[in-house]
Amino acid sequence: ELKVEQNPLFLSMQEGKNYTIYCNYSTTSDRLYWYRQDPGKSLESLFVLLSNGAVKQEGRLMASLDTKARLSTLHITAAVHDLSATYFCAVVQSRDMRFGAGTRLTVKP
Amino acid sequence: GAVVSQHPSWVICKSGTSVKIECRSLDFQATTMFWYRQFPKQSLMLMATSNEGSKATYEQGVEKDKFLINHASLTLSTLTVTSAHPEDSSFYICSAREWYKRNTEAFFGQGTRLTVV
Numbered sequence: 001e002l003k004v005e006q007n008p009l010f011l012s013m014q015e016g017k018n019y020t021i022y023c024n025y026s027t028t029s030d031r032l033y034w035y036r037q038d039p040g041k042s043l044e045s046l047f048v049l050l051s052n053g054a055v056k057q058e059g060r061l062m063a064s065l066d067t068k069a070r071l072s073t074l075h076i077t078a079a080v081h082d083l084s085a086t087y088f089c090a091v092v093q094s095r096d097m098r099f100g101a102g103t104r105l106t107v108k109p
Numbered sequence: 001g002a003v004v005s006q007h008p009s010w011v012i013c014k015s016g017t018s019v020k021i022e023c024r025s026l027d028f029q030a031t032t033m034f035w036y037r038q039f040p041k042q043s044l045m046l047m048a049t050s051n052e053g054s055k056a057t058y059e060q061g062v063e064k065d066k067f068l069i070n071h072a073s074l075t076l077s078t079l080t081v082t083s084a085h086p087e088d089s090s091f092y093i094c095s096a097r098e099w100y101k102r103n104t105e106a107f108f109g110q111g112t113r114l115t116v117v
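Going down the list, the protein sequences come from chains A and B. Position 33 (the first sequence) corresponds to 33 in our numbering; numbering is contiguous. Position 105 (the second sequence) corresponds to 105 in our numbering; numbering is contiguous.
Calculated directly from the structure, the hints in this document are not laboratory data. Treat the hints with care, since some could be wrong.
BS3-like mimics (lysine-lysine), calculated; alpha carbons at most 25 Å apart, straight line [what the hints assert, rightly or not]:
(1) A:K3 <-> A:K108
(2) A:K41 <-> B:K41
(3) A:K41 <-> B:K14
(4) B:K41 <-> A:K108
(5) B:K14 <-> B:K55
(6) B:K55 <-> B:K20
Sample of chain A residues at the chain B side, in silico, Cβ under 7 Å [said to hold, decoys possible]:
(7) L43
(8) S45
(9) V48
(10) S51
(11) F99
(12) A101
(13) G102
No experiment lies behind these values; they were computed from the predicted model shown. The C-beta atom is built at its ideal place from N, Cα and C for all residues, glycine as well.
So that you can see chain B by itself, here it is in the shape it has in the complex:
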């Protein structure tokens, strides 16, 4: 099956610094990728939809200037958490689908656990 690779798997950073998370589709073209955030013992909350070659679509309440999304190619999307604070500590998961194939699964990356100290 298709594979989505996300890294790093975990990262610890200091408050005020920026962190970049990468999401790659390894064997298919993903014109759209999704970024989710998951707090402990909670469900996945959609943060934004990343569209190749255009601006991301952010969910209500998600700061676009804080969570920068770039989808420069059909196989790579990045999420940069800028000026991170402890409250940004969370589990971030990306997802990708082959949108030109109607009946296909959504594939998820391994997730990135971000801890801001």
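For reference, chain A alone in the conformation it holds in the complex:
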């Protein structure tokens, strides 16, 4: 059974600091997604990672994938308040898509 573990669940950061969110999964996967969710809203797609060693960057966010370790990271660089949201990783295996528990990020001035 495909299981996805994400940590930390809660993250409070100062503006300007760096931090990393981790996503581990239990079996081989076809691809991995990172999503952002604002309160009361649906999911906004951030990245899709398809292969081992894949790295994608958009602004202050950078995602990477290590399929051998079954690990993906979402790195936040020089955080700003606008990044406050809940971030989810989701792993796809065949037609099964499972979500991590989510990381609630709060960026404080």
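Since the structure of chain A is already known, use the hints to place chain B on it.
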């Protein structure tokens, strides 16, 4: 990019009534759609996989008679919450992918916030 439209965005209903939520893929054919449920401050939990032209596949613990799913066309899936109760109050989100395209994103609807009073 592809768009998935879900409505209503929110609905309030009385206990015992039924509520239908629609999920449409606007510019692609979605042979499979997914229905998720999200409680406050929790992750998305897959409820069922909706297959066009056939019965939905429900996750363990999800009552198929309570959450009726119909996927009558390649662009429309519906979730009907029957005889709703306050504990059914939640945020419901649908998702669709173009399954014949291997490397494609999953697109999500806007979500429906259901409140049963």
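Here's how the hints hold up against the structure:
1. The hinted pair formed by K3 of chain A and K108 of chain A fails the criterion: a straight-line CA distance of about 32 Å is larger than 25 Å.
2. Simply put, K41 of chain A and K41 of chain B have alpha-carbon atoms about 12 Å apart, close enough for the 25 Å limit, and the pair holds.
3. Distance restraint check for K41 of chain A and K14 of chain B: the Cα-Cα separation of roughly 24 Å lies within the 25 Å cut-off, and the hinted pair is therefore satisfied.
4. With a C-alpha separation of about 20 Å, the suggested pairing of K41 of chain B with K108 of chain A holds against the 25 Å cut-off.
5. About 28 Å separates the Cα atoms of K14 of chain B and K55 of chain B, which puts this hinted pair outside 25 Å; it is violated.
6. Our distance criterion of 25 Å between C-alpha atoms is met by K55 of chain B and K20 of chain B, whose separation comes to about 17 Å.
7. A cut of 7 Å between beta carbons decides the hint on L43 of chain A: the least distance to chain B is about 5 Å, and the hint holds.
8. Checking S45 of chain A against chain B by beta carbon gives a least distance of about 6 Å; that is within 7 Å, so the hint holds.
9. Below 7 Å, beta-carbon pairs count as interface contacts, and V48 of chain A has one with chain B at about 5 Å; its hint therefore holds.
10. Taking 7 Å as the C-beta cut-off, the interface hint given for S51 of chain A is violated, the closest approach to chain B being about 10 Å.
11. With its C-beta approaching chain B no nearer than about 5 Å, F99 of chain A sits inside the 7 Å limit, and its interface hint holds.
12. Hint status for A101 of chain A relative to chain B: holds, with the closest Cβ pair at about 5 Å, below 7 Å.
13. Checking G102 of chain A against chain B by beta carbon gives a least distance of about 5 Å; that is within 7 Å, so the hint holds.
Checked against the numbered hints listed earlier, the structure breaks hints 1, 5, 10; every other hint is satisfied.
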